[in-house]
Amino acid sequence: MAERMIQRTSVGQRLIHWIHGISFVILGLTGLALFHKSLFGLTAIFGGVDSARYLHRVFAWIFTFNMPLFIAVWFKDCGIIDALDRKWIACGMGGYLPIKSLYAGCPPAGKFNAGQKMFYWTAVLGGILFVVSGFIIMNPLGLAKQTVRAAYILHDLATICTVTFFFAHLYLGTLGAPGSLRAIFQGNVNEEWAKHHHGRWQIG
Amino acid sequence: MAGLGPSFGRGAMTNHWIDYRNADVILVLGSNTCENHPVSTTWIDEAMEKGGKLIVVDPRFTRTASKANIYAPLRPGTDIAFLGGLINYVLQNKLYHEEYLMNYSNVSFLVKPEYSFKDGIFSGYDKEKRKYDMATWGYQMSPPGPDGKTTPLQDKTLKDPNCVYQILKKHYARYTPDMVSKVCGMPKESFLEIAKVYATTGKPGKAGTVLYAMGITQHSNGSQNVRAISELQILLGNMGIAGGGVNAQRGEANVQGSTDYALLFHLVPGYMASPDKVLHPILSDYLTKETPKSGYWVNKPKFFVSLLKAWWGENATKENNFCYDYLPKKSANYSWIALFEAMYAGKIKGLSCWGENPAVSGPNSNLEVKALGNLDWLVVSDLFETETASFWKRPGVNPAEIKTEVFLLPACGSYEKEGSITNSGRWAQWRWKACPAVGESKSDLEMMNELFEEIRALYKKDAKAVFPEPIVKLNWDYGKGEPNQDKIVKEINGYTIADGKPVANFTKLADDGSTMCGNWIYSGIYPEDGKNLLKRRIREKEGIGLNSEWAFAWPVNRRIIYNRCSANPAGQPYNKDKWLVRWNDTEKKWETRDVPDFGWKDAKTGEMIPPEKSAANPYIMQPEGKARLFTPVGMADGPMAEHYEPYESPVKNLLSGTQNDPAVKIWAADLDKLAPVASPEYPIIATTYRVVEHYQTGTLTRNLPWLAELMPNLFVEMSVELAQAKGIKNGDKVKVVSIRGEVEAIACVTPRLKAYQLNGKTVEVVGLPWHWGWATAAPGDVTNKITPHIGDANTMIPEYKAFLVDIKKEVA
Amino acid sequence: MAEKACLVDVTKCIACRGCQIACKSWNQLPAEKTTFDGTYENPPDLSASTVTKIKFREVAEGGKVKWLFRKVQCFHCTDAGCVKACPVPGALTKLEDGTVYLDQNKCTGCKYCIMNCPFEIPRWDATKGKAFKCNFCYDRTSNGLPPACQKICVGGAIQYGDRDTLIAYAKTRPGFLYGEKELGGLHWMYLLPVDDPELYFLPKEPKLPKSLIVWKDILKPIGLILGGGSILAWLGYHFLLMPQKEKLTKEAEKHS
Amino acid sequence: MEFTRREFLKVSGATGLGIAFGRFLSPVKVYAQELRIKGAKETPTICPYCGGGCGILVHTVGDKIVYTEGDSNHPINVGRLCTKGACVYQIVDNDKRLTKVLYRAPGSTEWAEKDWNWALKEIAKRIKSTRDANFKATEDGVTVNRTEAIASLGGAALDNEEDYLLSKMSRALGIVYLEHQARI
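Chains as they are written, first to last, in numbering that gives the first Met the number 0: chain A, 0 to 203; chain B, 0 to 811; chain C, 0 to 255; chain D, 0 to 183.
These are calculated hints, taken from the structure and not from any lab test. Quick caveat: nothing in here was measured; it's all calculated off a predicted structure. A portion of the hints provided could be inaccurate.
[To be verified] With a straight-line cut-off of 16 Å between C-alpha atoms, the simulated EDC-like cross-links for lysine to aspartate or glutamate are:
(1) B:LYS728 x C:ASP36
(2) B:LYS292 x B:GLU541
(3) D:LYS28 x C:ASP138
(4) D:LYS28 x C:GLU245
(5) B:LYS486 x B:GLU400
(6) D:LYS28 x C:ASP44
(7) B:LYS168 x B:GLU97
(8) A:LYS99 x C:GLU252
(9) B:LYS612 x B:ASP601
(10) B:LYS600 x B:GLU586
(11) D:LYS124 x B:GLU452
(12) D:LYS95 x B:GLU384
(13) B:LYS612 x B:ASP576
(14) B:LYS346 x B:GLU384
(15) C:LYS105 x C:GLU119
(16) B:LYS402 x D:GLU109
(17) C:LYS105 x A:GLU2
(18) B:LYS155 x B:GLU97
(19) B:LYS534 x B:GLU481
(20) B:LYS432 x B:GLU481
(21) D:LYS120 x B:GLU404
(22) C:LYS253 x A:ASP49
(23) D:LYS95 x B:GLU439
(24) B:LYS460 x D:ASP92
(25) D:LYS120 x B:GLU97
(26) B:LYS148 x B:GLU623
(27) D:LYS124 x B:ASP375
(28) D:LYS124 x B:GLU404
(29) D:LYS113 x B:ASP601
(30) C:LYS180 x C:ASP78
(31) B:LYS155 x B:GLU98
(32) B:LYS276 x D:ASP131
(33) D:LYS63 x D:ASP92
[To be verified] Okay, the calculated bits of chain C under chain A, using three or more residues with CB under 8 Å as the criterion:
(34) 59-69
(35) 82-95
(36) 111-118
(37) 241-251
Beta carbons are placed, not taken as given, at the ideal position from N, Cα and C, and that holds for glycine.
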């Protein structure tokens, strides 16, 4: 019998995810080029530091306007962390931290497991932090020095948190869990995958 | 420089800039030297590094004052009260340089008993004519000797009441420290501190120098201010020595040259009087009346005849008195203020301004700018469009009503042409052409050459021309367009006509028409064909800064004039390491660092003249060969400096019953108003000055963006108290009002200016720079609309530095 | 090579501001539109076209007046905040002779240096979209010529030479030397007549902003470690821990 | 392994030293930059402003002025200059400079551009007519040969040679109203 496919993400969610994702990657690359001199080579991708910064400013606007949509459209699925999610975390991140003693009695993950919800909140809070501190950094001249210097630190903090977590998201969305990628491309997954990864997900 | 000539024989800065470093004490009076002659800072700094002291006396705490060891405020217009106080202090405490005084000054000369001084008036005063008859100021002369010559009588014991010493002492006895404090509004302790420190330069071997500028000369008794300085410097033996002197710091790059070349109504080139209708109807009258019996001026006929030969060449012959009659003869005072009064009265039809901007620089500008409207034609040569050139479209006038034709000729800048200028230290230096003239501008030299050729052509063509001879026969052959520089320099230097060979210096000039010389004091700049000493650029390796092989200092490249006085009568220098001339007794010869300003070598035999002879005659230009503490002739308003109040003053004169200088000409056109003494309407003293960022009328600085950025607008400095009283905040727009006009400026409220306590009366002082006008990229109001049309008795230099105003807050 | 420096004896400065013009003349910097608002000091502040200027202060105390002047320009610090803040390699560099050189060709206009200089020296050049500051007339000094502002100083207030020689000279002079130790040693030092730098608009103990040190010396290295580390971590996870995770979760599913 | 570890450290940039001292870059070598006045001709001149007589070198490339600076060889200012002296470059490089002869007709509100030849001829005519119409040969029986209808002002800014010619020309024309800045 052909596998049954289950709808996991809406067109809107996917579109907004990718706008956010692509701009995040470009912003990440162009931003990291200035993060540290050792990474300055990244500007070569964009044809020099000036065009890298220009791109950063362009995608900053895209990222900023897309932010509220991103928050709204993913909130229902990933925004609410309930007791079972917390239990899930407690037993070694639902087994991702494979310690038998912890994992015992671990409730299955919901439509989106607690890890993904944490990533949602990291992306959201990080994103807001990026936008606020970013615009300060872009137009610092009239502002108080302390404010701007704080913005530099916050922007980097947001970078470190989101970029580090992003590698997890990248891995777990691809190599870590085969069959996941479809969820964000075609929007559906096979039933088997759903049961295995998201036992608690009331499908349909 | 009418105070220096009568005192020492020459009217120029006696030392030079680099020499300041040789001073032990530097007194800056009536000059903001670090701002208006900034190069002096370099040498003042070197003097201070060697322990020298800088004293600054100025109504305002200026940027120069910020460097001073001692600063004291001085009410504008009371320099003589202060200097008289110093003279009195030196005399009372016998701090003068005894040997210098006895040998090199007229301290022991006896003055005629008829001389007197009562309540501010010297003997010989004619009240109606406001002039002095100087007969009673003369020396008592000995009966004629075997050679028919008479010499002034002296009392070496200095006891005779008629001797200059006693007259001086009596005259300045009134100038006590208390009086100085009351008149000048200077704290007594400051005065005494300054007197003590400056008087130390009276000791042999010590050097004190006085730096002054327009702060001294722009008063109704400006020349006497200079005289007071000269008297002080003679008493302290500071004349003719390195690090000493009376240093008149000239304001413009070549005002020294333009004065030397006599662009003044009362002179012809070389400081010789221009012919006068009454005194010199014919040449022999001129030569006899203008040539003294002794002193180097006995050679004047050689210089004057050589000048006439330079101007009219072979046309000037013995028979026609060397074309003496071609020179116009004056029969009135044609000075600046007189000129504009005549123009205002419609007597002057045409005016040419060669790099001059009277609409901003002239006093009582409302009158002077209105006078320009009476002209038929006006020619202005300048680098930028000046206020004078565009007076017909100044704010508040309708151009249609002004009928004057104006020719504005574009002049090229200083390094777009070639030529020489003379700096304040009498150094005539060459300037090379660095780049082509901007646009179609031309050098003034080329303009004058082509203009004169045009004029001469008209006169040659017109049979009915009036008295064309002086023009047609003028020795003017400088080629087409840009004249040949060398030819002019050679003409100035002078040459023997027969062989056209340049003379080595003015000692070679003759009065028989065999030599010609455009300006005798510059003779020596072109000693051989092709050898232009103005172009010399050899810097001295060691020494005390004379740089005798750098360019040429008139006269005869002497760097410090009256330098015989740097050594005692026996020829031994008062200061071992700063010596200028030295008599080597063993080898019986003079050793010299500077060109001696005395007979040191017999011209014919080359024999060295022993020191005793020149010790008797150290001031070679003076008939009596001595520095004059007391001037029998030469000063229109008195043989000694006496304090008088400025013509607009808030207080009565405490030193005598004569309120103002009695010999000053008072003008009476409708706009020549003067505020009464202690005028209630105008209770505040105002003074005008310059700032380092701008130059004169601002034409050459307000058009330069980098300078306009530093000092963009006209401002008026006032004390914090005055501002509070008037409700004015720093930066407010205010109006400064005098009886003659009003000026709009921005308030600069500062503690650097304080009210003056004058014998119990508190008087505020405000100050304004005067660089602004309606033209250029950084315009502003014309400060000189409020300055008075009253001048000094000798020079007629206007009293810009002290007049009365009121301040009003701009309501709009 | 020996470090060069300038020593300013503020007592010799007459605030003629020849230095401000010499700087603009040599570096071909445009004039600014200014107005006189009650003080001789103009322009009121540094800018990308005014990279040196004189600050004025009038002090009236006890009947005496003092007029103090102090030249401000880049101090060319040894521990330069701008060099540390600048993200672009080669844009702001510390040269061996002590100069802190801002290369406008490389500067990308991020303004980090403007925000992190303890003396607030680098300024924004809106026309070029880059920062600018005094570069110690590097084109002159690298050819053995003194900086334009030093050469022109008519009061002899500025000396240029080997830093050590100038420090030794300063110690022989009356007054207090500012700049020997500050920020690892400044290459524009000041001889002040009184030990009160603030009187001359100089911060008493200038320090780099704490945020700059945290940002550049702590946060960024940590960031790199975390960033680089997390890539390796997940690669390691994939081979080492993912199989166990699968085993653990698969077993649990069979039981339920 | 060694290589990759250092590579790793380099890539991450978190060298232990870097953290501790925070000074990532060591000072960079000094290279002589090209002087913008390289090869320019230097012409000595004297400052046109106050009476100091300070020496200035004007740097030009061909006919174009590129820079002005104090003349280090000059004994008076030893290479130093003041505010104005530093600015003489902008006297030539200045779009406000007069480049043409300008003439204002009586009552007019504007300048008109003229050529030199016309201007000098017209001025000469006016000088002659004003002089001849107001010439006084004698006064009280004494030869005076003067005109009080023409005045000449200036010029402390002119060269000596110019002052000399102006003095000579003015006196030849019989001008007595001859004054300039020394008088004010």
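Enumerated hints in conflict with the structure, sorted upward:
2, 4, 5, 6, 13, 14, 15, 17, 19, 22, 24, 25, 29, 32 and 34
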